[in-house]
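**Q** Residue strings, one per chain:
6 protein chains.
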Amino acid sequence: MSPGQPVNDLFLLASANMGQSRNGPYWNVTFQDATGTIDGKIWSPKSQEYPTLETGSLCHVQGYVENYRDKNQLKVDHLEFRDLADGAVDLADFLPTSSVPPQDLMEELEDLVTAHMKHKPWKTLCRKVLGDEEVRSRLMTAPGAKTVHHAYVGGLLEHTLQVARVCMALCDVYPDLDRQTLLAGAIFHDLGKAWELSGGAANDYTDEGRLLGHIELGQEKLTPFLNRCKSLDKGLKLHLKHLLASHHGEHDFGSPVRPKTPEAFILHFADNMDAKLNIIDQAFEEMDKTGQEWSPYMRFLERNVYRAPATPDKSKKQNDKPENQCLLPLKA
Amino acid sequence: MSPGQPVNDLFLLASANMGQSRNGPYWNVTFQDATGTIDGKIWSPKSQEYPTLETGSLCHVQGYVENYRDKNQLKVDHLEFRDLADGAVDLADFLPTSSVPPQDLMEELEDLVTAHMKHKPWKTLCRKVLGDEEVRSRLMTAPGAKTVHHAYVGGLLEHTLQVARVCMALCDVYPDLDRQTLLAGAIFHDLGKAWELSGGAANDYTDEGRLLGHIELGQEKLTPFLNRCKSLDKGLKLHLKHLLASHHGEHDFGSPVRPKTPEAFILHFADNMDAKLNIIDQAFEEMDKTGQEWSPYMRFLERNVYRAPATPDKSKKQNDKPENQCLLPLKA
Amino acid sequence: MSPGQPVNDLFLLASANMGQSRNGPYWNVTFQDATGTIDGKIWSPKSQEYPTLETGSLCHVQGYVENYRDKNQLKVDHLEFRDLADGAVDLADFLPTSSVPPQDLMEELEDLVTAHMKHKPWKTLCRKVLGDEEVRSRLMTAPGAKTVHHAYVGGLLEHTLQVARVCMALCDVYPDLDRQTLLAGAIFHDLGKAWELSGGAANDYTDEGRLLGHIELGQEKLTPFLNRCKSLDKGLKLHLKHLLASHHGEHDFGSPVRPKTPEAFILHFADNMDAKLNIIDQAFEEMDKTGQEWSPYMRFLERNVYRAPATPDKSKKQNDKPENQCLLPLKA
Amino acid sequence: MSPGQPVNDLFLLASANMGQSRNGPYWNVTFQDATGTIDGKIWSPKSQEYPTLETGSLCHVQGYVENYRDKNQLKVDHLEFRDLADGAVDLADFLPTSSVPPQDLMEELEDLVTAHMKHKPWKTLCRKVLGDEEVRSRLMTAPGAKTVHHAYVGGLLEHTLQVARVCMALCDVYPDLDRQTLLAGAIFHDLGKAWELSGGAANDYTDEGRLLGHIELGQEKLTPFLNRCKSLDKGLKLHLKHLLASHHGEHDFGSPVRPKTPEAFILHFADNMDAKLNIIDQAFEEMDKTGQEWSPYMRFLERNVYRAPATPDKSKKQNDKPENQCLLPLKA
Amino acid sequence: MSPGQPVNDLFLLASANMGQSRNGPYWNVTFQDATGTIDGKIWSPKSQEYPTLETGSLCHVQGYVENYRDKNQLKVDHLEFRDLADGAVDLADFLPTSSVPPQDLMEELEDLVTAHMKHKPWKTLCRKVLGDEEVRSRLMTAPGAKTVHHAYVGGLLEHTLQVARVCMALCDVYPDLDRQTLLAGAIFHDLGKAWELSGGAANDYTDEGRLLGHIELGQEKLTPFLNRCKSLDKGLKLHLKHLLASHHGEHDFGSPVRPKTPEAFILHFADNMDAKLNIIDQAFEEMDKTGQEWSPYMRFLERNVYRAPATPDKSKKQNDKPENQCLLPLKA
Amino acid sequence: MSPGQPVNDLFLLASANMGQSRNGPYWNVTFQDATGTIDGKIWSPKSQEYPTLETGSLCHVQGYVENYRDKNQLKVDHLEFRDLADGAVDLADFLPTSSVPPQDLMEELEDLVTAHMKHKPWKTLCRKVLGDEEVRSRLMTAPGAKTVHHAYVGGLLEHTLQVARVCMALCDVYPDLDRQTLLAGAIFHDLGKAWELSGGAANDYTDEGRLLGHIELGQEKLTPFLNRCKSLDKGLKLHLKHLLASHHGEHDFGSPVRPKTPEAFILHFADNMDAKLNIIDQAFEEMDKTGQEWSPYMRFLERNVYRAPATPDKSKKQNDKPENQCLLPLKA
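Chains as they are written, first to last, in our numbering: chain R, 6 to 337; chain L, 6 to 337; chain G, 6 to 337; chain Y, 6 to 337; chain S, 6 to 337; chain H, 6 to 337.
There's no promise every hint is true.
Copies of the same chain are indistinguishable here, so a pair counts whether it falls within one copy or spans any two.
[Unchecked claim] In silico DSS-like links for lysine-lysine, alpha-carbon gap of 25 Å or less:
(1) K128 - K319
(2) K51 - K76
(3) K242 - K319
(4) K319 - K123
(5) K226 - K133
(6) K235 - K319
(7) K242 - K128
(8) K226 - K239
(9) K76 - K46
(10) K242 - K226
(11) K239 - K319
(12) K226 - K151
(13) K125 - K239
(14) K125 - K319
(15) K226 - K125
To be clear, the hints were calculated from the coordinates, so they are not data collected in a lab. Quick caveat, the model's predicted, so the values are computed rather than measured.
Please model the complete structure; the sequences and the hints are all you need to start from.
**A** And the structure:
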């Protein structure tokens, strides 16, 4: 989108609040589709047609792009709400989503279970949980975090899959690790996040998310499955619970206990590493748009990150780099 | 006990390991009864009559008291094991116990429920949990901690009762607090400790205690009761769980979430305060024996504590101070 | 106040600084009365009638309420200064004040002395200090802090009284505590704050407040009274000084020494707890206006706080909740 | 070795200091061979034959095994020094060594270079450094640390190889990483350790190790090679230096800069993880001897570690577990 | 400069970015000369004459001073670029510079070498390094830091000289210190800063500055000189390197090793002290303009600083205070 | 003293406690004179002649030196107490003392006052305080700390003098500092230590030292002098109090406020630096005895310190190094 360009399209209304200018009240709005978000304004007197605006609604927007303080914004000329109930459009089409569709991520996760779970009770447990209707539907849409990393539909699955892959790769280097318990831990370590965050257009913490945290929520959701899985050894169940409880590594990061087995150390490392690499990846994506080598200061990492010059590689075409990322520019 | 005094009594064998002197192998042993512990030696050749010594057994000991490096120890001349199964003696008689019997502490706790729980679902929940056979039997014997504070039979109940009393007293000063939710939180905040520690003669952390911690264990034990208590509002249940989860106050002290309601702040303060006062109380008890005003350095509090001179009080007789403490000298 | 409403009233001018718009210079002002504050603007050319504006003055304001960026502000049409010296108005009427009048708070504090101080030298000391003209006049108006908690006239007394009540309540639960020394400590723990903060319209730190801190200032103000109180035991005086010096609990919070007696621990807990509950109380007050369950992020507590659903209570009418708070909306 | 067993063998004298008993002066000594260490005593009057004892010497020892305070020690009857110069014995035979011989570890490292280094200047650099006579001879014997992890001959190579393997495995999961720069970083990240520690029988920090640290020493040793490698891009050299400088991850752990590229994050994780797994591995080895599930408190990890029950695996025979560890019992 | 004043002068364009107003795009610019900086605006349609504006260029500016939000800014009517290549003007004339010219600072530093370096190899080393063409030209212009302290041309030399003087003064009080090694350490402790920061108009970190830090860069630059200085004892070289490596005092502040000799402690103190005094000095300079006694909150020092009333001194005339500071008001 | 040497001399009995050996009770004693301390034993039956032993007494000891676990100890054959009251001996002769006599240190401090105090009220204040009988007598004997640094008679004066000298030297480098206020601050910064520590043979914290700390005690002792010094400006008094209150630099080190003036920063640096240099100096003294280059781990500095090779200095004779230290070997 560039200044002056007309807009005539469907968006999700992600946020709306009223302001007051000398010319009367106006609406500050944010629209969203799968490719990103754009801020907008509905100026008076147009604004006065909308006494309230309900976020999370779908609407047809007409207007054009303006530049305000070096940022594009949408001046809305006309705005009409659409009924989501008619099924003509799918809300999910308006949320940022992982580049690999959640369904495919889930299948890859299930393939890992098939490939590595030789002990039948482990395999059964994993399949029961992943196959449970509520769990599955939540995992399919859950983001990986509120804002910092994997903050998009499928983000939780994408993170879970990468953590599981890292764990399996490390089992090749350290063969003494208990590969199957570790895989179960990787798959379920962030299960509680599917209940900690509301997901959807207004991805925010739920009350139980804020009051209990996703580690406690994960234990709570997993426990009934463990109770029903009689064939799984009690010691293995306890180890799995320990992996969940300790995966943040330190009390400071909200783990009630710290890792006490090599598998728990590994899971913590894999979780931490994948979150950080995803954050850097998103920064690099932004930097690539402007050709910068240094990112702006990143609060979560407490530093600027650097895209170092790559080792020359004749065999590798830079173009076919897989798109691993969802934050495309709106309607790019 | 004083050097030279003969001993001829029943004790619990709390620990035993073999040493090697120039004169042959000997046993380092620790005996225990409800009034405390004493170290002892079984010298060679007597020692060689016992190829192994099983801790936790009851035994009849004959010998006399010696002074070794300024400490009393028991030189064992004869040692005979007793069968616990015959019911003639109760193992509990040989463990240090709270000054008020656990049964009485439990009754006082139930009285608090009766006095303050006006909302029936809260009352029902508390009674169901406290009345549950496994819970009750564990609470009756559980210590409050491994070593630092309330480390004796009934210690957990004693601590729980004081925390509940402090919370009720603070509700009088701050009437906006939700008195009943806070009481439920006080009663159950350390419930998991009854499973975190093994209690008994060798009071140590259990595997699940070390791998999950008592906060997680408490949630796990409480959840089935909450699930069965249909009449209790979902929001109150969530608040109660939050009180358990946050009662250590900071991530650093193992709380997965920090207090987010005034009741959670209060519970954390009450818990913290009672633990510290109990530690100081034990130090004062020791200091009273020797008349010192300053305690030795206390690792847990990271300081020495001081018994300040008391405000003169004619109405109060110093003698009838209630004995609030279990660590009496052995056979004092 | 709502947009469009005319205003014609007396206010205290709390702050004033000049801005520059395209239409010429204008004044950003803040007016204040006992019910709160409101920002305002004096636009050009009206603004040019006031080359300077002295804060802390009383003035009669005419104008009307506008909405600017979702906040009300006062557009000033006319502004006339009043002479404070004529005694017709009392400046105190324009400062936010504790809901219970300072005079009543002081009486309740004196009642506590009467009720608990059985040792005459303690009683004498407390009465001498509280009865001292300078101390009394400062305590009557002193705020509890610059911004965070109890930041209103009478705030220091309100905080002092609650801390004293908490300490007395805890003495009921822990009868071994030295109730009278603790009460003296509670009453004087923040005495220095009456000199650390200037109070009044521009409540800010004084030079001696910033350079010495209120703990040191408190000792300095208390010492002459202690010197004159010959009948009070030297050890009790030292204990009282220790209570003042250690009441922040940790070096990190500015205590030159950490608590070393049970009374010092208790005083620190009570002080800390009351400050935090007051902060939460103020947040709840704000949240009640908008019906929110979660507060905005609170920098001092480093978290959002939550108003949990209350336990249903038939006997308690929600309406007669005592108003414990001063931050009412302006002219509400 | 068991109490009473006679000893008649060659050892390295690892430490010796004189004590004083009632019967005259005696020597406390520690003997060492490749399988471990044993403490011993040379009692008076035998002790008086040796006015001094030079550590690091080879000696023939006759005596027998005693049990002292539950530990075996060697009572020396006769002790005769051997000349190392005659070449009949190799000192290295008396030092604990990695289970895989250093020569093989070095070859595996060179194989990784061959397999992954496609960019010729990287390959050339690695081969020049690893092929340099001083570097190679130091790497062949260097321990990985003073005491905590990999503290044996070949330990540095073993650690380096595992870190390199972990990095290569993670490049498979995160294909955007610069595999070759990362491999160079992994190979050289601890190069300075070969100069920071003296290695040998008295493995201790050197003066330059203590005064500069191994990060600075590594840069110093690598720089001349980088200067000579004209074909390697300046930006790649800078990235490699950054990998060395930042590999401890945080200032707190002695890194002058923190990781600012994804490769630097990965290298830090791999380094940290391998060190911790090696420590746990050594603890498990010790625990296996006694069948314990919990390690003693480990100061470096600040916790006890747990050997969880393994997932049952029919296909895996427990017996052919590769011996990955050097701390066998002496003469086991 | 005061509002309304016309401007017609040469400036360095320090920064420029485009904004968007209702009246079209405009340029936010910052101009700079040796006396300070001033922000400005080029409004539409004038702004549209400049599709891009290159920072670091010299330009002739016509316009006048406006007041905007209590700050002066320059409304640009005309702007014409000058060619730096013609040599008619010197860019250095437009950068803030230390009050004492860099050339004089360098001479004073060399005088210290002459006065204190009695050991010839030390003297030779210092002269070689300070006389090296690249080193000298960088030192002549290098700032002491990016923003916090000594952020002006000559700032690095000014800081280096003061640190050296402090060290020499302390050697008088502590005669056991190794004066010459300490002087060498003082002179070279921040050498790497001349490469860590780009200096000039856009004083920012270089890539190697961010990726390696100035401690590592200093070692790298110094090492070739040390290698060539054969007569200097190896132990003294190592001590000097230690002084550089440890001068930040703690790992937290980026030192890979902490001070381990008295000289290293002293150098760290002197460095820390001079940086802080320079920051306070700049704050005082600002405060003097407005007569304030308290500075605004200073993020780096994490406090406000206070100008205490001075001890009366008849002999000292306040007027001839040497101007030790460069941040004069623009064209003052 | 060497093993076998007979002893027949006067000592101070510094500590005594009873042990129990197989041969009966014995006394562990420590004797002390100005040159150091030595442990000793009074074996049974000799020990039984002394039912109690009062520490702090002077006694004549006969016996000889033994070697026990590599340390010398004194086997006491005969021990006879001396009456201190007869004035024949001076207890001070048996305490370790600063190498320069306290009287000389005090004079040098007074010389500094004369040299630098040009403002008469400052000079008067300093002379009044230093001339006060109680202050002077306490300063003459006070140690600088309990154990860590300057722990000997005159240690407080020695430290005070060095801090004052450092401050004066820094005023030469930074002429804007308020030299006279800084000197007053240096002289009185640790005044409270003369009351915080008991000094003498059993140098330990006093009750008021532990409960208030030396900063508070210093203010308390100084305040009456300040009150009496009417001619000294109120602002200068406040600055002086701030220097005392903030001289530990950080809350963490017990300062209720942190330095807010340049003089306060300087005083904190000087204090910190002199304490650390004294600790290192003592370590070097010990290391010189054995020729070691590295100290053992020093808990207070959290590191080992290193005596670097000195820059060769023909003009300086190593022999006439002034003895700046009191810890000579006993009777060396």
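**Q** With reference to the structure, classify each hint as holding or not holding.
**A** So, going through the hints one by one against the coordinates:
no.: 1; hint: K128 - K319; in the structure: between (43 Å within a copy, 15 Å between copies)
no.: 2; hint: K51 - K76; in the structure: both (22 Å within a copy, 21 Å between copies)
no.: 3; hint: K242 - K319; in the structure: between (49 Å within a copy, 19 Å between copies)
no.: 4; hint: K319 - K123; in the structure: between (41 Å within a copy, 9 Å between copies)
no.: 5; hint: K226 - K133; in the structure: both (12 Å within a copy, 24 Å between copies)
no.: 6; hint: K235 - K319; in the structure: between (55 Å within a copy, 20 Å between copies)
no.: 7; hint: K242 - K128; in the structure: within (13 Å within a copy, 33 Å between copies)
no.: 8; hint: K226 - K239; in the structure: both (18 Å within a copy, 16 Å between copies)
no.: 9; hint: K76 - K46; in the structure: both (13 Å within a copy, 18 Å between copies)
no.: 10; hint: K242 - K226; in the structure: both (14 Å within a copy, 16 Å between copies)
no.: 11; hint: K239 - K319; in the structure: between (53 Å within a copy, 19 Å between copies)
no.: 12; hint: K226 - K151; in the structure: within (20 Å within a copy, 31 Å between copies)
no.: 13; hint: K125 - K239; in the structure: within (15 Å within a copy, 37 Å between copies)
no.: 14; hint: K125 - K319; in the structure: between (46 Å within a copy, 12 Å between copies)
no.: 15; hint: K226 - K125; in the structure: within (21 Å within a copy, 28 Å between copies)
Checked against the numbered hints given earlier, this structure breaks none of them.
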